[in-house]
Amino acid sequence: MGRDDGPRVRVPRQRDPERGPEDEAVLHFSVLGPVRVGRGGEPLASGSPQQRALLTALLLRGGHTATAAELIDGIWGDEPPSQALAAVRTYASRLRKVLGPDVLVSDSGGYALRTAPGALDLTVAQQIAGEAEKARAGGDRDAARTLLNKALGLWDGEALASVPGPYADYQRTRLEEWRLQLTETRLDLDLEAGCHAEAVSELTALTAAHPLRERLRELLMVALYRSGRQAEALAVYADTRRLLAEELGVDPRQELAQLQQRILRADEELARPADDPAPAAAPVRPAQLPATVPDFTGRSGFVRELGDRLATAEGSVMAVSALAGIGGVGKTTLAVHVAHQARRHFPDGQLYVDLQGAGARAAEPETVLGAFLRALGTADSAIPDTLDERAALYRSTLDGRRVLVLLDNAHDAAQIRPLLPGTEGCAALVTSRVRMVDLAGAHLVDLDVMSPEEALQLFTRIVGEERINSEREAALDVVAACGFLPLAIRIAASRLASRRTWTVSVLAAKLADERRRLDELQAGDLAVKATFELGYGQLEPAQARAFRLLGLADGPDISLAAAAALLDLDPHTAEDLLEALVDTSLVESAAPGRYRYHDLVRLYARSCAERDEQAPGEREEALSRLLDFYLATAAGVYALERPGDRAVVHLVSPDRPGLAFADGHAAVDWLYGEANALLACANQCASSGMLRRAVDLLCAAKDLAESGANSRQYETTGTALRDAARAAGDSGAEARARASLSTVYLVSGRFALADEEAMHAMQLARVSGDPIPACWAPNDRGIIAFYQGRHTDGERFLQEAIDNYRADANPVGEASALCNLSRIHVDMGRMASAVELAQQGTAIFDGMGLSLRTANGRFALGIALTRAGRCAEALDQLAEALRVFQTNRQRLWEGSTHFRIAEAHLAALRPAQAAQHAEQALALRVIGGEWMRGNVLTTLGRALDLLGQSDRARACWQEALSIYEQTGATEADEVRGLLAPAAAA
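First residue of the sequence shown? That's 37 in the working numbering, and the numbers climb one at a time after it.
Incorrect hints may have been included.
Claimed, not checked - Straight-line Cα separation of at most 20 Å, EDC-like style, residue types lysine to aspartate or glutamate; simulated pairs:
(1) Lys738 <-> Asp648
(2) Lys546 <-> Asp648
(3) Lys186 <-> Asp176
(4) Lys738 <-> Glu677
(5) Lys186 <-> Glu212
(6) Lys170 <-> Glu220
(7) Lys738 <-> Asp705
(8) Lys133 <-> Asp176
(9) Lys133 <-> Asp114
(10) Lys186 <-> Asp138
(11) Lys186 <-> Glu106
Said to hold, decoys possible - With beta-carbon atoms standing in for the labels, derived distance ranges:
(12) Glu304 <-> Ala959: 22 to 30 Å
(13) Asp474 <-> Ala959: 39 to 47 Å
(14) Val320 <-> Gln799: 51 to 59 Å
I should point out that these hints are in silico values taken from the structure, not numbers from a laboratory.
Using N, Cα and C, we set each Cβ at its ideal position, and we do this for glycine too.
Given only the sequences and the hints, what does the whole structure look like? Please build it.
So this is what it looks like as structure tokens:
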């Protein structure tokens, strides 16, 4: 059979995956892996290796006839057996019995296969790859990536695995080359999409497997450079140049050398995905403007003035217009209306953000820039960490585009400067309660209240002409009482529109009561307060009570269940009240079942609570009910996640029940979804008589610290509770708060702070006998001592923790401490006891059905087995731990497990796999902060060095050494030793 020509393949239509009963007898063949035959999902026998070789030769002919001579040549080559023709006939006969006489047919002295369209996985892959190519040419990069992944997913290992003969060898090589080409194309698309950090891990493994393939090296250099790892990118080039010289005696190709020069120059164009040579995919065009109000009224002079400014933005560097005015004057409404009218001048999109500048928690510019960059099509992995880097990337992304940016409710000029485009053709509209006199080049607009005519027109549009025409004088009285403030008019009109039995005169009489509103507008917050006084004065008593009390909670929003607990009402009644408040615009519906206040409205609601609450202690009781709800529910989540852990038994028993969950996933979803509100409630109760319950809420929400989620807010809350407990002389609450703080410091790698908190917690617990800090604190101190290389101290602390857990009859805690002690025994070289301790802990977790905690046990056992030289067993344990951590969204644990898998592969002398998992650990981050990141880089460097990529290895070690020197870690000497031979060479 001629081996110079590829098989002539007829591309079939892809089979519909929804097969009907009539398709059950259709044969399906696989060559992208072991050669297999199946019918209706059931495997069929394909015979001996030589018989599979014959089947392969026929399948890859695409329905064309192969002569007996071609088949003999393809199966045996130049040295066929004496009975080769008879053997071919025997193989064909056996296959015909399996496949059917209509499938394998004799034709012109040879054989051919007659298969249904889509029966061969190779032809399906070719069809999908063709569709991917068309999608890419048409500019649909995402579709092309999806299709290429689908095509590559049809492979199941090496093509034509274990099939003998020269024809199979040739085709195997050809198919592997095609697979690599598809992979390179898909990786190229990944880089164009900004997924550089994710691509590094795969490219590291591929370059290890194909060290002489320069295209893969080129893609790896680009991925590393765009991930901010310039030194490693240059090291890849140095490794490649040395390898090519040693192996082939040639220099890198010109494209690779040019890429090195671009990296040396820190080429800005290279730092972002290059344009496709084919028609580019349509850029992301954000359209984030809120809906304009259908009853927008008046402001014609301002609309014309601002519209003219925006219409001329194309010819200027940037047009900035800043609207200022008191709260409720209609700044946002005007800005949104003008922005919608100007959309045609900004065809590349419109961005919008509420900067929350009127409240105590104004939006951080770096957070806003992250959201803007994502809206403009930047992948998460390509968004840098610092404000300056994000601002620079934001301006670069907007370069050449015509985008309108609406920055609503700004705090001051400093907040918005990083958010201004600064490029020709773009424009920014800013609203704020303060005049932006220090915003250079801005066009300032001071927005005043409406004229009486405009105010009456707005009121009429909302209420309806029929009701206003008969009571025009009363309507004028209403808008005058509203101070001609648009928001106040809208609230009053909405109430009247929803009450068909009211006349305009009734509303006017209500507003005429000066006890319910201020006589005149004033500057600052008082003007806003006057506006909301109008809406509040029209509430029914139950609605007014709900408005006042709900404003007491510090969280960014509140769920219906939490609101019902705070109000001491059943959920249905609470929902009716909340929806009524939404109708009056005093409360916003953040999402189904969730409610929030505008910051200014919350301040007003609290002032109402201080002024209007009649029952003594009603405000404190409301917060106490909310705290009870959070504590009861969080304790339930803790118990569900850790069956048998007695820590929850020692928490204060709240007076009110919390939510109950059917499964752990729903419980975890609740904890993470309520994290901000829950921690805000605990923080809020730090200085009240609810201190002990607030501390216990922190303990019950320990998962938020261990997972790395909400760690900053958890730390802030823990610090406030610790300080409050110390000021109050409550040593029990202080010990628990310190034990909780120790955990969050430990997870982030701040070992000195963690050890200090745990030490104080242990001292206090020894006096009080409180089992929670008595168990948690020495366990944490043992882990800290392990990380710091103080093995004797660590063993002593962990043994104390084990004794305390046993005294408390807490097997779950005991198992955790046993696994931690295993880690210390590993470092002390006591491998037998290390494995035994980890097995004991894992057995306890397994016996109690604790999947997440069992994963922690398997993690420790995997480390011990790796160091004991039992790498295959270690990888089994770590793989199962990784699966559980991924399922439970424990991102830091997931990254740490990838690191330990990398160590196991390295110990088993599989450096390519080790490098791949180490890269994934870097992408996900690991427990232990920067110090542990240095360990990952050290391991990655060792793997790369074994792969012959010594320059890139050196770059990893240099970065690790910098981390160790900054943190004072003892591992610095080890890395210096690794770098010394490289320096000498």
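Status of each hint after checking the structure:
Note on Lys738 and Asp648: the hinted pairing is violated, with a Cα-Cα distance of about 38 Å set against a maximum of 20 Å. Only pairs whose Cα atoms come within 20 Å are accepted, and Lys546 paired with Asp648 is accepted, the gap being roughly 18 Å. The straight-line distance between the Cα atoms of Lys186 and Asp176 is roughly 16 Å, inside the 20 Å bound, and the hint therefore holds. In summary, the hint linking Lys738 to Glu677 is supported, as the alpha carbons are separated by about 11 Å, within the 20 Å threshold.
A C-alpha spacing of about 16 Å is found between Lys186 and Glu212, which places the hinted pair at or below 20 Å, so the restraint holds. Distance restraint check for Lys170 and Glu220: the Cα-Cα separation of roughly 17 Å lies within the 20 Å cut-off, and the hinted pair is therefore satisfied. Taken as a hint, the Lys738 and Asp705 pair is honoured in the structure, with Cα atoms around 15 Å apart against an allowance of 20 Å. For the proposed pair Lys133 and Asp176, the alpha carbon gap of about 46 Å is over 20 Å, so the pair is violated.
Among the hinted pairs, Lys133 with Asp114 is inconsistent with the structure: their alpha-carbon atoms are about 29 Å apart, more than 20 Å. Distance check on the hinted pair: Lys186 and Asp138 sit about 31 Å apart at the alpha-carbon level, beyond 20 Å; violated. For a cut-off of 20 Å, the pair hint linking Lys186 to Glu106 is broken: about 33 Å separates their Cα positions. Glu304 and Ala959 have their C-beta atoms about 24 Å apart, which keeps the hinted 22 to 30 Å range intact.
Taking 39 to 47 Å as the suggested C-beta distance range, the pair Asp474 and Ala959 conforms, at roughly 41 Å. Range check, Val320 to Gln799: Cβ separation about 56 Å, and the 51 to 59 Å hint holds.
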